[in-house]
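Enquirer: If you follow the hints, you should be able to join the two separate chains into one complex; please do so.
As given, the protein sequences belong to chains A and B, one line each in that order. Letter by letter, the first sequence follows residues 192 to 305 in my numbering. Letter by letter, the second sequence follows residues 171 to 286 in my numbering.
Hint data in this document are derived by calculation from the structure and do not stem from the laboratory. Where a beta carbon is used, it is the ideal one built from N, C-alpha and C, also for glycine. Incorrect hints may have been included.
To be verified - Chain A is nowhere near these chain B residues, computed Cβ spacing over 10 Å in every case:
#, residue
1, GLU185
2, LEU190
3, ALA224
4, LYS239
What the hints assert, rightly or not - Covered stretches of chain B (in silico footprint by chain A; criterion: 3 or more residues with CB under 8 Å from a CB of chain A, positions within the stretch not fixed):
#, stretch
5, 211-219
6, 274-282
Said to hold, decoys possible - Straight-line Cα separation of at most 27 Å, DSS-like style, residue types lysine-lysine; simulated pairs:
#, chain 1, residue 1, chain 2, residue 2
7, A, LYS208, A, LYS260
8, B, LYS219, A, LYS248
9, A, LYS248, A, LYS260
10, A, LYS248, A, LYS209
11, A, LYS248, A, LYS208
12, A, LYS262, B, LYS219
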Amino acid sequence: EAQVTQNPRYLITVTGKKLTVTCSQNMNHEYMSWYRQDPGLGLRQIYYSMNVEVTDKGDVPEGYKVSRKEKRNFPLILESPSPNQTSLYFCASSLGGDGNSPLHFGNGTRLTVT
Amino acid sequence: AQSVTQLGSHVSVSEGALVLLRCNYSSSVPPYLFWYVQYPNQGLQLLLKYTTGATLVKGINGFEAEFKKSETSFHLTKPSAHMSDAAEYFCAVSAGYSSNTGKLIFGQGTTLQVKP
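Looking at chain B on its own, in the form it has when it is part of the complex (with noise of 0.2 Å):
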């Protein structure tokens, strides 16, 4: 079963300072990961992902994660936050290549606050 904790609902930054959003993930197969993106009043984006390889995932506007399967963590990193950059985050796990649901499990969500 896979499982998927953030850490923080609300993270509040300023413009230009480093944004750094917690995820724990548990997971008892090789996992899946994923950090998406929603803006107001839309879907959930994908902002980038880690399946195998390089544990160290760069995705779209900047946003950079790392696997760290020692620490069971995927935390998302921005060096400089943006106000565009303003949205709710959510980690999401899946039973990667074991998975025959193609279930994505996702956390409780944190919102980004950026302050000029």
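Looking at chain A on its own, in the form it has when it is part of the complex (with noise of 0.2 Å):
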């Protein structure tokens, strides 16, 4: 099945503390982004990757670091987390960043910051 896998699902942490979250897709898409959703706000993008080893600041990337070593994985690296970080992410990938793609979600990390 063609998916695009998150993990974890809910993670409650402590500030300072580093984190990863992993993505992974299977469907040999070029793109991969992540974005953060805020009640009231929609999805801000935080990091995007157009290929591997090319990966590009979105609006929102303060706080948060990317890598792209493989096509199918992009973890999102939070090295000094902070309550305001407390949000719900979502990474989703496409066949190319071109716009016309439509992306694939993951089902969404809750991260808590405390």
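Expert: The following block contains the structure:
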């Protein structure tokens, strides 16, 4: 089954404790992206990747890092989480970064930073 | 630059009634437009998209949307609501063929409630 898999689904952590949210897709998609969803703000892009070893900042990249060493994986790293990073995070992928290919979303990771 | 405004954060309809979810966009280039649906505890799923060609676009689950360039709108409709349509709906825009980032700009979302 074609899917985007994120782990974990739920995560509670404390300020400053480094964490990684994993994302993997099995559709051989070139384009991958991370979004955060906050009430009343919709989804905002954090980082995106057009292909292996090619990543770039989205609209809200502060406090986040990403890497794209393999085509299928695109982990999101929070080096020193803060409470304002409490949010619902989505990984998404698409065939290409041409703005035409629809995004396929994972089921989300709900992060709480205390 | 692109932006999206969804009018109404909550819409409530009775089962069997018309569903109308409003979306207005702003784009400096010909846009691509999308509607996504999010069911509780799930990711977003594509309902339909407009890229070029026919301005009336049909999607899954009986939904359709019409691209109106003169009104910069892309409203989502369904003739008869079903209880299973209760979800959050997001309108999104990209920079179309001008895009070199693949980024979608999402609206704030509209929660659809369907009453029996």
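Enquirer: Among all the numbered hints in the text so far, which are the ones the structure does not match?
Expert: Failing hints: none at all.
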